[in-house]
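Enquirer: Below, each chain spelled out in residue letters.
Number of protein chains: 4
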Amino acid sequence: MIKVAVNGYNVIGRRVADAVALQRDMVLVGVAKTRPDYKAKMALQKGYKVFAADDRAVKAFEKAKVSCSGLSKDMSAEADVIIDATPDEIGAANKAMYSSLGKKAIFQGGEEHEVAGLSFVAQCNYEKAKGRQFVRVVSCNTTGLCRVLNSLDESFGVTKARVVIARRAADPDEIKKGPIDAVVLDPATIPSHHGPDVNTVLPNFPVITMALKIPTTHMHLHSLIVSLKEKSISEDKIIEEFAKTHRVMLVDSGEDGYKSTANVVDYAREIGRPRNDIYESVVWKDSVKVIDDEAYMFMAVHQEAIVIPENIDAVRAIAGQESREESISMTNRALGIFL
Amino acid sequence: MIKVAVNGYNVIGRRVADAVALQRDMVLVGVAKTRPDYKAKMALQKGYKVFAADDRAVKAFEKAKVSCSGLSKDMSAEADVIIDATPDEIGAANKAMYSSLGKKAIFQGGEEHEVAGLSFVAQCNYEKAKGRQFVRVVSCNTTGLCRVLNSLDESFGVTKARVVIARRAADPDEIKKGPIDAVVLDPATIPSHHGPDVNTVLPNFPVITMALKIPTTHMHLHSLIVSLKEKSISEDKIIEEFAKTHRVMLVDSGEDGYKSTANVVDYAREIGRPRNDIYESVVWKDSVKVIDDEAYMFMAVHQEAIVIPENIDAVRAIAGQESREESISMTNRALGIFL
Amino acid sequence: MIKVAVNGYNVIGRRVADAVALQRDMVLVGVAKTRPDYKAKMALQKGYKVFAADDRAVKAFEKAKVSCSGLSKDMSAEADVIIDATPDEIGAANKAMYSSLGKKAIFQGGEEHEVAGLSFVAQCNYEKAKGRQFVRVVSCNTTGLCRVLNSLDESFGVTKARVVIARRAADPDEIKKGPIDAVVLDPATIPSHHGPDVNTVLPNFPVITMALKIPTTHMHLHSLIVSLKEKSISEDKIIEEFAKTHRVMLVDSGEDGYKSTANVVDYAREIGRPRNDIYESVVWKDSVKVIDDEAYMFMAVHQEAIVIPENIDAVRAIAGQESREESISMTNRALGIFL
Amino acid sequence: MIKVAVNGYNVIGRRVADAVALQRDMVLVGVAKTRPDYKAKMALQKGYKVFAADDRAVKAFEKAKVSCSGLSKDMSAEADVIIDATPDEIGAANKAMYSSLGKKAIFQGGEEHEVAGLSFVAQCNYEKAKGRQFVRVVSCNTTGLCRVLNSLDESFGVTKARVVIARRAADPDEIKKGPIDAVVLDPATIPSHHGPDVNTVLPNFPVITMALKIPTTHMHLHSLIVSLKEKSISEDKIIEEFAKTHRVMLVDSGEDGYKSTANVVDYAREIGRPRNDIYESVVWKDSVKVIDDEAYMFMAVHQEAIVIPENIDAVRAIAGQESREESISMTNRALGIFL
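Protein chains in written order, with my numbering: chain A, 167 to 505; chain B, 167 to 505; chain C, 167 to 505; chain D, 167 to 505.
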């Protein structure tokens, strides 16, 4: 059993803690938080040990009479692996603590590549992570792109990928973030950072990204335009490959009625996924079009959830014995991912 | 075992079918739909029999190669009670069919009171529904209001209630409805229809409502201003009463951090409610204020889910032996409602 | 000619500068800004002198090669009256500078009442401002409410007003502010600060306010419930009084088609108001309803514009000879306000 | 003087009527409407003759006591040119009436190309419209694209253009349209109709478009990826060309602060454009990037306004003596367009 601690308990931390608790080969040491709010109380209800991020947090827990099992540092000392899901750049600051305890740790995409030295997407480079002390799971958009671009590249060769990312501007409960009625160029300069971030996982992959921020809370929407090396590839051939690719889900806007990101979220609610989470890169089957050896398609990425299976696989990669396929299969089964 | 059929399988129908399937004393005969879309396929995946709404629907199912067990009429013939969750005014049209089959049926708040002759909120008038052929479960806003206003009236007496309802303009997957960036007076004339609708459940209750439509998808938000008969009632006394009232949930914006409807939805995702459903009238504890014998408070209503427990109780009221308290308790236990 | 300087050049400052430039008895000394952005360039295009807020701003202007006529302090020294339209609490900090220069100044509603000692709405207390050194123009919601409540009180007597304010969460170009899809209780505690702020203008006026923040950018929407002293007042009588009240505009949702705040904005675009500004408190005529001596109605407030005429009147009140009626009439004519 | 009638008085009709009234060589015969709402009343206030769309409309005007000068047909009989700004497909139905009266007419992009036989963007094919009876001004997105793509093609040669269009889902006063919080693939199939529509103006131009609908009301946002024939073109060279292209406006996200479509709208409000209209294709200067002979850039299109100058030029093309440059220059001067 791998003992896993989760430091940070917001969007990613909460999901990753539940996902750890569902794995047969892992045990959740606890979660660390800064505030004794309803999320802390519900973690306790779920039977998780809750630790305080620092001394100030300890006092806040005491004042609110919410039980707390010690400091984040104490929690880390009990673990084999710490999943750091703290806000951007806090992870980098925590690295020294993990190092001094001689612990392995997983960072999120908000940290620089250099913090861990290896940026991770399970189906792209699982084996490289084996035995490492630190691994960084890349951000949601990068994860979604790596799966699909890597699949296209392995099957047909990619000579250039161009991607326009319409980003959801805030998570559902980030009530202070906007815009409310505008498109923000984020950044106005091109390329955006997403392309280079893909290259931390897939070195030298030829991809250029443009990014917009739009007033939605539920999913990022990617428009892909991919030049293929192999000529005269049919749409059906691409769809066939995706149907075999791990964590790529195909939907259809026609009969099936997936006409928007809202329908994908509705699907997740319907199928009973916890928090209506969608772990897959969602590709519209009927959007796949090849014109003059350029493949076009739409893909949606659930920003809150897509990196959860990667975090679990990263734990196994650095602490376990399993191969890539074994780990992906174990993670998928536990989380209800079909492929 | 009460045999229940669900006619209509959109926002309410889907939830009510799952809720029926969770009751120990009910069995789901099947659900009826017009289109063989992803919702139909997932109903089949859940093991529900799917029936076609009419002949045209049968053809659509055949064309799409989605299995269908007959017509909605066939389904109704097999049931003891039909829950009609079809769109507004279709329920009224279906009544003749239910009558000719000699079946009991439950209609939703989109139908006129006269269609059923009894408008129902479990904790207000369960006993009146016993043995009836037809009952109408009132709409989400009316249900939410009846619970809270009835509680205040029984405890302290209400001489006048004024309510401003800021309505979510569309459900999460209603992608064609707006507004995107405006407040719609819906209607601009005052009072809105919600007050009179409360009176179908609580006759002569003195309530006047004003209604706005705003660009959100998740919950209605009520601002209540209630004149109390009993004098010098404290806020704590009101909160105490709510804490004892069925299906009223108290939240706090302070330490607990419920600062918006988004946090309430987040709570439902966190606690693992299916489709992040909130069956309770959600009252902000720290908003309750009494000034000159007028009680002020905020309440949120989850439009997709609040009537689900009422539909279940309505089935028991017209077809079962249980008393109000027994039914509410059985429904609550099955749905994970604490009170 | 009253020499007026405008310190701060964002939402209010820009409008107030243009409004000053339109008055026959005022001359615009200049405007002060912190950043040499497109707004600065357009101020120069309009022929306004642009001053830098402080030394850091001077450097930014130099670097961007945008012309700047000195410091905000220099600008103030040239003026008879400074309209301070800097962000909340900066005005209070600027007061010492205005004092030391022996200048009169007008502050906005983001400052505390105590900064100026007199909180101002032209038609409520113009005469009290005469000759003063400092005046505070109250915020948009308070201004809108004071006009309408004062009118009702003078005509019929008001024994209690309750107001639910659905606030636009951000201005159209505030792209970082949300929420995107939620109702924020702002604050969750009742009463909100708006009622007490009305009392800085109308002492002891019996008003209680509740405030929500909603995902719109264009107008605040007030739902008013007002108990009248005089009995059996008809709706027509109230509408008649509003039709005579300065800066209250009546619209109708029926034939005329004003069904939302969007239509009011559309009206302003159609009539050619600069920046589609609406200076009036907009009351829906067909929403006015009297039930048991309580008057109900909807009112919209354009947060960017409603205080502009008040700022102009405040200048005349502290620096000019005109009476309230003279000033209001001069301001209205210059800004295209009908009454 | 060219006598111009405007049939239809909503988004386009209202603007085009005002634009006609501003031209020195045109006179506005009147406008035709279906409803006697506030827009009709304001047209009368502006001194426009208002005609009724049909007999039913006549009765509605009479009932509402709003003055009406006859039928749309009567108006057309008085005109040299009719600008048809009626809703999609109504224009096609009106064509027979214009034909039987022997009148020239201009249709909008909601009509099929075949209705007019010539699809028009002034700087692309003005001369082809000379002397014709019917011309179709293409839709907002097509107009915006034609200007920019034609400029790139004439200067550098374009071998392929790929465009992702993030469409505003509704106009500011279309309060019934959504989505509120989703991205709608519109259509999910690729290419969208926009590319072929460009080809009605620029035959065989190699362009492929993908379209999303997003919850904003103010501008469409295009992400362009354009392969250039000429090699090693610098970004500065492209910007230089745009700076010389009619009705292309360059903005900058850096110092100038145009970080979103909201800032562009704010600019239009600031500069005093009627209804904050933006007639230009707005290109972000600092987004222009050339990588491997592919030019990337962001462009915004104001859906309500961009076709207004084209409509005016189309009138002159079919009814006047002016050359392309003369007409564009006259239109620009009248509307305050710099180039």
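In case anyone wonders, no lab produced these hints; they're calculated from the structure.
We put the CB at the ideal spot given by N, CA and C, even for glycine.
Just so you know, not all the hints are guaranteed correct.
As the list claims (entries may be wrong) - With a straight-line Cα cutoff of 30 Å, these simulated BS3-like cross-link-like pairs (lysine-lysine) come out:
#, chain 1, residue 1, chain 2, residue 2
1, B, 229, B, 207
2, C, 455, B, 326
3, A, 342, D, 215
As the list claims (entries may be wrong) - Some chain A residues well away from chain C (every beta-carbon gap over 12 Å; in silico):
#, residue
4, 167
5, 193
6, 232
7, 268
8, 316
9, 334
10, 336
11, 340
12, 342
13, 379
14, 382
15, 397
16, 406
17, 498
As the list claims (entries may be wrong) - Restraint ranges, calculated between C-beta atoms of paired labels, are given here:
#, chain 1, residue 1, chain 2, residue 2, range
18, B, 169, A, 359, 21 to 29 Å
19, B, 402, C, 222, 19 to 27 Å
20, D, 370, A, 502, 47 to 55 Å
21, C, 222, D, 393, 41 to 49 Å
22, C, 191, A, 253, 38 to 46 Å
23, A, 320, D, 362, 30 to 38 Å
24, C, 420, B, 190, 50 to 58 Å
Enquirer: Was residue 340 of chain A rightly flagged as not at the interface, with every chain C Cβ beyond 12 Å?
Expert: Non-interface label fails for residue 340 of chain A: nearest chain C Cβ at 7 Å, not farther than 12 Å.
Enquirer: Is the distance from the Cβ of residue 402 of chain B to the Cβ of residue 222 of chain C consistent with 19 to 27 Å?
Expert: Violated: the Cβ-Cβ distance is about 52 Å, outside 19 to 27 Å.
Enquirer: Looking at residue 379 of chain A again, its CB stays over 12 Å from all of chain C?
Expert: 8 Å, violated
Enquirer: Would residue 268 of chain A pass as off the interface with chain C, using Cβ distances and a cut of 12 Å?
Expert: 42 Å, holds
Enquirer: Take a quick look at residue 232 of chain A and tell me if its Cβ sits farther than 12 Å from every Cβ on chain C, holds or violated.
Expert: Since the minimum Cβ distance to chain C is about 20 Å, residue 232 of chain A lies beyond 12 Å and the statement holds.
Enquirer: Is the Cα-Cα distance between residue 229 of chain B and residue 207 of chain B 30 Å or less?
Expert: The hint holds at about 14 Å.
Enquirer: Does the Cβ-Cβ separation between residue 222 of chain C and residue 393 of chain D fall within 41 to 49 Å?
Expert: 45 Å, holds
Enquirer: Looking only at beta-carbon atoms, does the pair residue 370 of chain D, residue 502 of chain A fall within the given range of 47 to 55 Å?
Expert: Given about 50 Å between the Cβ atoms, the range holds.
Enquirer: Given the hint that residue 455 of chain C pairs with residue 326 of chain B, does the C-alpha gap stay at or below 30 Å?
Expert: 16 Å, holds
Enquirer: Quick check: does the Cβ-Cβ distance between residue 169 of chain B and residue 359 of chain A fall within 21 to 29 Å?
Expert: Violated: the Cβ-Cβ distance is about 58 Å, outside 21 to 29 Å.
Enquirer: Against chain C, does residue 316 of chain A hold up as non-interface, every C-beta pair farther apart than 12 Å?
Expert: 32 Å, holds
Enquirer: At the C-beta level, are residue 191 of chain C and residue 253 of chain A separated by a distance inside 38 to 46 Å?
Expert: The hinted range 38 to 46 Å is violated for residue 191 of chain C and residue 253 of chain A, with Cβ atoms some 55 Å apart.
Hint compliance for this structure: hints 3, 9, 10, 11, 12, 13, 14, 18, 19, 22 are not met, and every other hint is.
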